[in-house]
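Visitor: Protein chains in written order, with the working numbering: chain A, 138 to 678; chain B, 138 to 678.
Quick caveat, the hints were computed from the structure, so don't treat them as lab data. Warning: the hint list may mix true and false statements.
No copy labels: a pair is met if it fits in one copy or bridges any two.
[As the list claims (entries may be wrong)] When the alpha-carbon atoms are kept at most 27 Å apart in a straight line, the in silico DSS-like pairs for lysine-lysine are as follows:
1) K504 <-> K476
2) K614 <-> K345
3) K587 <-> K574
4) K345 <-> K167
5) K614 <-> K649
6) K332 <-> K275
7) K476 <-> K587
8) K574 <-> K649
9) K504 <-> K614
Quick caveat, the model's predicted, so the values are computed rather than measured.
2 protein chains.
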Amino acid sequence: MRVGIGQINAHVGAIEANTTRIVEIIEEAKAAGCDLIVFPELAVCGYSPYDLFWRDGFIDACQQAIARIRDASSGVGVIVGGIDTRSRHDPANRDNTSSLSDGASIDLFNRAYFFEDGQLLGTVDKQHLPAYDIYREKRYFTPGEGTAVHDFGGMTLGINICEDLWIDDGPTDLQASLGAEWIINLSASPYYLRKPGIRTKLAARRTKENGVGLIYVNLVGGQDEVVFDGGSFAFDSKGRQLFSAPRFREGLYVIDLAHSAPQRTSHPSEIEDIREALELGIRDYVGKNGFERVLIGLSGGIDSAVVAALASEALGSDNVRCIYMPTEFSSTESGEDAKATAERLGVSFQIVDVSDPLESLRTILPKRPSGLVDENLQPRLRGTILMALANQDNALVLCPGNKSEIAMGYNTLYGDTVGALAPIADLYKHQVIALAKSYGDLIPTRVLTKPPSAELRPHQRDDDDLPAYEILDPLLKRIVEGNASKARLLEDGVDAALLDDIFRRLRQNEYKRAQLPPGIKISPKSFGNGRWFPLTNGYLD
Amino acid sequence: MRVGIGQINAHVGAIEANTTRIVEIIEEAKAAGCDLIVFPELAVCGYSPYDLFWRDGFIDACQQAIARIRDASSGVGVIVGGIDTRSRHDPANRDNTSSLSDGASIDLFNRAYFFEDGQLLGTVDKQHLPAYDIYREKRYFTPGEGTAVHDFGGMTLGINICEDLWIDDGPTDLQASLGAEWIINLSASPYYLRKPGIRTKLAARRTKENGVGLIYVNLVGGQDEVVFDGGSFAFDSKGRQLFSAPRFREGLYVIDLAHSAPQRTSHPSEIEDIREALELGIRDYVGKNGFERVLIGLSGGIDSAVVAALASEALGSDNVRCIYMPTEFSSTESGEDAKATAERLGVSFQIVDVSDPLESLRTILPKRPSGLVDENLQPRLRGTILMALANQDNALVLCPGNKSEIAMGYNTLYGDTVGALAPIADLYKHQVIALAKSYGDLIPTRVLTKPPSAELRPHQRDDDDLPAYEILDPLLKRIVEGNASKARLLEDGVDAALLDDIFRRLRQNEYKRAQLPPGIKISPKSFGNGRWFPLTNGYLD
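Model the full assembly from the supplied sequences, consistent with the hints where possible.
Guide: Okay, here's the thing in structure tokens:
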């Protein structure tokens with residue numbers, strides 16, 4: 138059997154455009170002699186529409202899309218992710234108008250449709266609905282029930298959706314016990330570092346323990362804070378990889394199940410992987426929102442240099458405009474480094490000196506600002522200038538904040554935090570440094586080697602205000618990603634005063650993080666919509 | 138039986154302080170001769186800790202709190218909301234580190250504990266876990282199962298939790314069929330307009346149809362974007378109200394079940410109700426976060442005047458500082474009205490003229506700003522000034538945005554949107570006007586009667602840029618709260634060009650709303666965490 142993998146870049150909510158693309162790929166797959174073509178989870182509406190599911194007409198639009206795909210299935214099998222409903226006993230006298238408009242009167246299913254020759258061969262609903270991290274599926278969906286397999290082209294197929302593959306003694310095992318020879322899994326699995334290896338390890342185990350083959354079809358593309366990395370693959374029933382599709386790229390990929398030989402599973406270099414993920418995240422955020430250009434405030438430091446390098450790869454250097462905005466605290470070196478970075482990246486570069494409005498602001502304040510108050514004025518003026526230039530240019534501002542700073546609140550809200558997207562918000566400082574190194578000569582050496590400084594007061598250095606990144610980053614990872622408590626870290630011998638400082642600052646800056654632009658997720662736990670903390674919070678540990 | 142209702146204002150995460158308060162109220166209740174004292178849902182940890190549930194040690198801390206409460210139950214029955222766990226088959230080889238740290242290896246229950254004399258009489262777990270609107274309970278909790286009733290003081294009690302009361306043919310009905318005479322419902326039910334009437338209507342129906350009495354105990358207090366309004370009550374088995382506790386106030390309220398006569402159900406005036414909710418929301422946000430003072434940019438217009446009036450009632454006029462920041466577009470009337478508002482409210486008032494830094498900013502921009510670019514510079518400078526003054530003063534900035542403006546993006550991100558809290562973000566403009574009127578002489582008449590203007594260009598009026606509020610507000614309500622599609626509104630005869638404009642602006646300003654300070658919810662659907670829309674969104678209807 139020849140199978141086409143329709144690894145599409147769906148645009149959330151753009152149901153008609155997604156469907157047109159799906160139908161095009163079906164035609165391509167037919168031309169390539171495919172017997173079966175498989176698309177990802179929720180391919181018609183993208184992942185995830187969130188509360189769009191509850192908009193009047195949204196479900197109808199998805200079902201019309203499914204009908205178009207059914208009609209396009211002449212002469213080929215098509216498996217595609219969509220949604221379907223079943224009306225529930227309507228609690229008309231329930232009086233809770235809020236929950237009613239939130240879709241409480243219907244059961245909605247995250248569904249795989251299987252068509253051939255314009256006929257429905259079957260449907261399978263997702264059973265295990267994730268609600269952790271960024272997932273909200275229990276908000277919208279009712280779990281599917283039962284187990285089914287489908288005969289097609291002389292084979293027995295077990296179709297399931299994303300999370301259902303991850304469950305031990307779950308849908309895959311039941312389908313295997315009903316005679317499935319190939320599991321077809323439709324996924325919308327977002328990227329984070331080392332996720333590809335986690336997926337293939339699971340695939341090897343799941344196929345071997347059940348003696349089934351697996352075709353895993355993943356979505357690709359950036360959607361706000363997540364990036365779907367594609368990398369669809371096939372495994373044989375002995376746990377050997379037969380095929381892997383390119384990552385971070387849309388396309389139709391074809392595999393002949395009968396004539397595929399096991400191949401070595403290869404894993405990408407971590408930094409290359411992050412780079413591709415962030416570039417796709419930037420490109421899709423900018424493009425899908427109807428923009429072409431971005432604006433970056435270059436400081437001469439490493440964070441903004443890395444954001445400029447990423448943007449320039451993602452959008453082309455012509456679409457990146459960099460602004461250097463010195464004050465009296467800016468060193469000559471910073472100006473030189475900002476300019477050299479822009480030159481090497483081939484992006485436009487401008488200097489806007491903020492000394493005059495800064496001094497004017499200081500003068501009109503009833504009490505002349507000093508200390509932190511004065512330090513905050515500067516980035517806020519820069520943010521105002523960036524937003525004005527972006528307005529004039531129809532461009533989006535990219536925010537240069539990294540995860541270490543964002544965790545500790547080492548930034549100025551409405552200042553260096555402004556922007557439409559924060560590409561490196563989920564990279565600890567040491568990852569930013571590694572990423573900078575990967576750009577080789579494109580980023581001047583001094584940007585990497587000089588001690589980081591916000592240059593908001595004379596002789597300032599980050600390590601005056603923050604623990605050294607070598608100490609801070611691993612602790613943040615344990616606290617933010619591992620949920621380690623202060624008590625546990627104390628037991629492990631971490632300094633108490635250091636922990637008090639980190640825990641206090643983490644907690645105190647929740648309100649700031651709640652007002653940041655979306656960051657692109659590259660870790661199991663990024664700040665953003667996968668991490669829900671109350672702003673008002675009396676818990677100290 | 139004499140029952141104490143412990144209508145407490147729990148501080149999310151402050152487990153020890155909450156528990157101390159609960160134990161104090163138990164002592165008060167004993168002194169008042171109560172046989173039984175009931176506290177709200179999740180009383181020990183507040184509602185809602187969200188991902189704090191997953192912090193190492195959080196569950197232990199909640200269970201230690203429950204043990205303290207058990208020990209305090211000598212000589213009295215105590216029913217209190219907490220949490221408990223049951224470890225699940227640990228999918229150790231599941232390889233999904235993200236979901237593991239998100240608590241996937243335990244079952245967590247939203248539990249009511251029933252103690253007497255230091256002994257556990259029983260527990261009841263919440264069965265129906267809301268996941269719509271602001272609720273995320275399916276993210277954390279496993280549904281309880283089974284039905285239980287408890288004998289106490291010669292009565293049979295059916296204990297259940299919040300949502301479980303709202304379900305037709307649900308836990309309440311089952312408990313009644315097992316002989317419950319009184320239903321005890323522990324709630325953490327957030328306020329929105331007309332919710333009190335919805336609750337008592339439900340209570341009347343539920344008690345009458347099952348022939349049971351009901352004691353409904355609700356949380357009180359502000360927590361970020363929601364306000365719990367208290368207003369606990371009791372109904373007899375004929376659907377008649379026996380008792381109602383004050384709303385928006387913490388306290389122990391005592392009812393003698395045997396000697397209570399039916400009373401008339403009274404409903405608060407809507408505007409008074411909103412006012413009390415917003416005042417409590419402001420007071421608790423400021424106080425629970427360790428602040429005393431707020432800062433407001435007064436424009437001379439109605440929105441900031443109302444915010445100043447609310448803050449002055451909530452915090453005392455000594456704790457409110459108002460700043461008027463004119464530019465060349467500010468009218469004499471605006472300055473007079475701002476000053477008069479501050480004087481009548483008795484709050485401090487200062488003028489900071491932003492003309493100089495504004496002109497300086499215009500000058501340093503590579504291209505002199507005009508149109509919207511220039512209009513955005515002004516509020517951003519004002520935001521910068523407010524934040525500087527707030528830093529100097531250890532105060533929080535209150536943001537004056539209303540729901541109509543926020544819906545349409547008629548505001549400047551990082552400008553008039555800055556702040557720690559947006560008290561009137563869930564009020565349509567017509568509700569702001571009604572609220573302003575309720576302050577009588579405290580707000581000068583001209584603030585209410587002059588045509589609204591942002592004063593960012595000569596002779597600007599809101600209705601040049603926006604549909605009239607009389608037309609806009611009802612449409613927004615249908616779209617935002619009712620999820621009405623463009624197609625449906627067209628069918629109802631609404632103008633197509635008007636709808637195109639509203640739908641386009643609603644969608645285009647999702648990114649702005651994602652960066653706003655929390656607003657206080659007073660409607661079934663506020664912008665904020667109860668409404669999840671993708672920023673990148675190709676859905677047009």
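Visitor: Which earlier hints turn out false for this structure, listed by number in ascending order?
Guide: Hints 2, 4, 8, 9 are the ones this structure does not satisfy, whereas the remaining hints hold.
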